[in-house]
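Student: Chain by chain, the residues:
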Amino acid sequence: MAKNTQHEVEQFLYQQAEFLDGKHWQPYIDLFTQDGVYWMPPEPSYQTWEGQVAIFAEDKNLMTVRMKRLLHPDAWSQRPLWETNHVVSNVIIEKQTRDEIVVRSRFHMLELRRDDVRHFAGAYRHELRKTKNGYRIKLQRVDMANAQAAYEYVLQAWV
Amino acid sequence: MLQERIPDLTKYVEPDRVRREVYTDPGIFELEMQRIHERVWIYCGHESQVPKAGDYYAVQIGRQPMLMVRGSDGKVHVLYNRCPHRGNMMCGDRKGNAGEFFRCSYHAWTFQHDGKLRSIPMMDSGYAGTPLNKESPELCMKPAPRVENYRGFVFSSLAKDGPSLKEFLGKAIVAFDDMCDRAPEGEVEIVPNCFRVIQHSNWKIFLENQLDALHPSVTHQSTGRAAHEVEKEIAKKTKKGEAPLSYHMLSAFATVTIDKWDNFQTLNYPYGHCILTGYMGLRPQDPDTLAYDKVMIKAYGRKRFEEIVSVNIHHVLIYPGLSVQSPLQQLRAVRPLGVDRTLTEIWHFRLKGAPEPIYRRSLAYYNLVNSPATLVNADDLENFWKCHQGLSSDGGDWVSFARHFGRDIEKDGMVETAPNCGTSEAPMRNQMKAWAEYMRG
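In the order they appear, the protein sequences are chains A and B. Mapping of the first sequence onto my numbering: residues 1 to 159, in sequence order. Mapping of the second sequence onto my numbering: residues 160 to 600, in sequence order.
Simulated from the structure, these hints should not be mistaken for laboratory data. Nothing here was measured: the structure is a model prediction, and the numbers come from that model. Worth double-checking, as some hints may not be accurate.
With a Cα cut of at most 25 Å, we get these calculated DMTMM-like pairs of lysine to aspartate or glutamate [what the hints assert, rightly or not]: (1) A:K130 x A:E94; (2) B:K398 x A:E50; (3) B:K545 x A:E94; (4) A:K23 x B:E388.
Far from chain A, by Cβ distances over 10 Å, these chain B residues were calculated [as the list claims (entries may be wrong)]: (5) G186; (6) L190; (7) P224; (8) R310; (9) V454; (10) K457; (11) V498; (12) A561.
All C-beta atoms in this analysis are idealised placements derived from N, C-alpha and C, irrespective of residue type, glycine included.
When you get a sec, could you build the whole thing from the sequences and use the hints?
Tutor: Written as structure tokens, this is what we have:
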């Protein structure tokens, strides 16, 4: 495998994390293909996002609803100080074809909301399509280690 | 001691207002647990959560950690989650299968699924000369004094005496009838996932919000607007000019403007139970609905079918710990953890025998509104926290429930709101009336 593929994929994942932490919601959504899906199953045993319980199962339309809500002046829960910090690592290319690449990684995310700090961590699995504009996400699966834990407050944006 | 410190709780509740300490005083909270949650019928779970012998779920009733377990006899039992020997918790997991019997991890005492003692290591020699034997109740896991099951929904009461479950539920029993009757087979089945969200506020603040028809278009304006904008874009691009129903579930928060919520009605019953009527437009004429209607008519006949689908309910609140949305087959069980901490356990169900697309509606609502990434409840939780913070201050002594006060219509032992008074605070008045009666002891 070409060394620059590993590098390119890592740069892509870091860029995505940076969009989240910078609250650049539209550029974040634009990283997905037209039919792309962001999926966080409630447990690792889930095989498909369709027709199943999901913490997130969002196509671009639903992602746009979430973005518009986050940006609405009356999204009350968005008023307080709210910051996140993602670190992405352990990047492993699972498979690669001419048009597609599947990559696994691990993340840690610290969230500050008012005076409360929460810590989320888990695994990403990105199914990426190669396009003339670079990689685009067909499916991002997020297996959060604390997915089944009781939530002190809820999740506002993608993890 | 507690009674001395809180001399007359009934003075804390007036017909149209309530003292703030009712929400914030830890002493009152302890008393609530004793006099309300550990006395009345509390929802434990659905029997389909524990299909096989030995299957159990941990459930909190008031301050008591309990187990709902399926016995080898097929019956669902509710036991204190405690070994009678040294008090060790019997099951440390939230759910699981105990196997053929419970076995304490400390000294290997074993118990049948109904709590009866099965064995103690070297019991004959170890307890020779003591009055203790296998039949001694103090050597058994203590069962809840009362357990009842209504159409698969299991409730338990930690008091020996009191009204039966049916008497307690009264007209609010429609929550379960409406849910089950909408299934062609007359039963629902749990989807085995529980979302758990903790609210940093008193449990009553959540219950009061459930039938508060004035709040949706204010609290959920942002989500309603966002969903409505995207809904219109999708509609433009599709042949039929319609977006999926799930967008409508969200956009209704903006399109049903604040004045329209007065068209809803609340029905308020003894023991604090309340119903909010309203339909959310869930009887459309699309092919999925028509296919479901066909199955239902085959199962029930047209007359009964019409009766079933015309039940007009949005929410049923079963005081003090359950909020049911029967037309969408969802429920939220409320478990107070402390005076300012409340856990909600959120479940949804499949209608047995209904076509898959009907389940997908229920699922869409569960994922979008009730998941931990909810597009809706995030703003409620923010309000609940702020309410609790504000009530902790000396800035005022009372919480007001005066909206449309004096216009309630009392008849047949219940209170209904007058026409065009859907935003009435009658449900909060009704809940606090029940609260005061319970707290009188």
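Student: A separate judgement is required for each hint: does it hold in the structure or not?
Tutor: A quick look at each hint next to the structure:
Note on A:K130 and A:E94: the hinted pairing holds, with a Cα-Cα distance of about 15 Å set against a maximum of 25 Å. A C-alpha spacing of about 23 Å is found between B:K398 and A:E50, which places the hinted pair at or below 25 Å, so the restraint holds. A distance of roughly 46 Å separates the Cα atoms of B:K545 and A:E94; the hinted pair therefore is violated under the 25 Å criterion. Pair hint A:K23 plus B:E388 holds up; C-alpha atoms about 21 Å apart against a cutoff of 25 Å.
B:G186, annotated as away from the interface, keeps every beta carbon of chain A farther than 10 Å; the closest lies near 25 Å. At the 10 Å boundary, the C-beta of B:L190 stays outside the reach of chain A, the nearest C-beta of that chain being 26 Å off. Interface exclusion of B:P224 from chain A stands, the closest Cβ pair being 15 Å apart, more than 10 Å. Separation of B:R310 from chain A is adequate, the least Cβ-Cβ distance of about 23 Å exceeding the 10 Å criterion.
A cut-off of 10 Å between C-beta atoms confirms that B:V454 is not in contact with chain A; the least separation is 19 Å. Interface exclusion of B:K457 from chain A stands, the closest Cβ pair being 24 Å apart, more than 10 Å. At roughly 16 Å from the closest C-beta of chain A, the C-beta of B:V498 stays outside 10 Å, upholding its exclusion from the interface. Every Cβ of chain A is farther than 10 Å from the Cβ of B:A561; the closest lies at roughly 24 Å, confirming the non-interface assignment.
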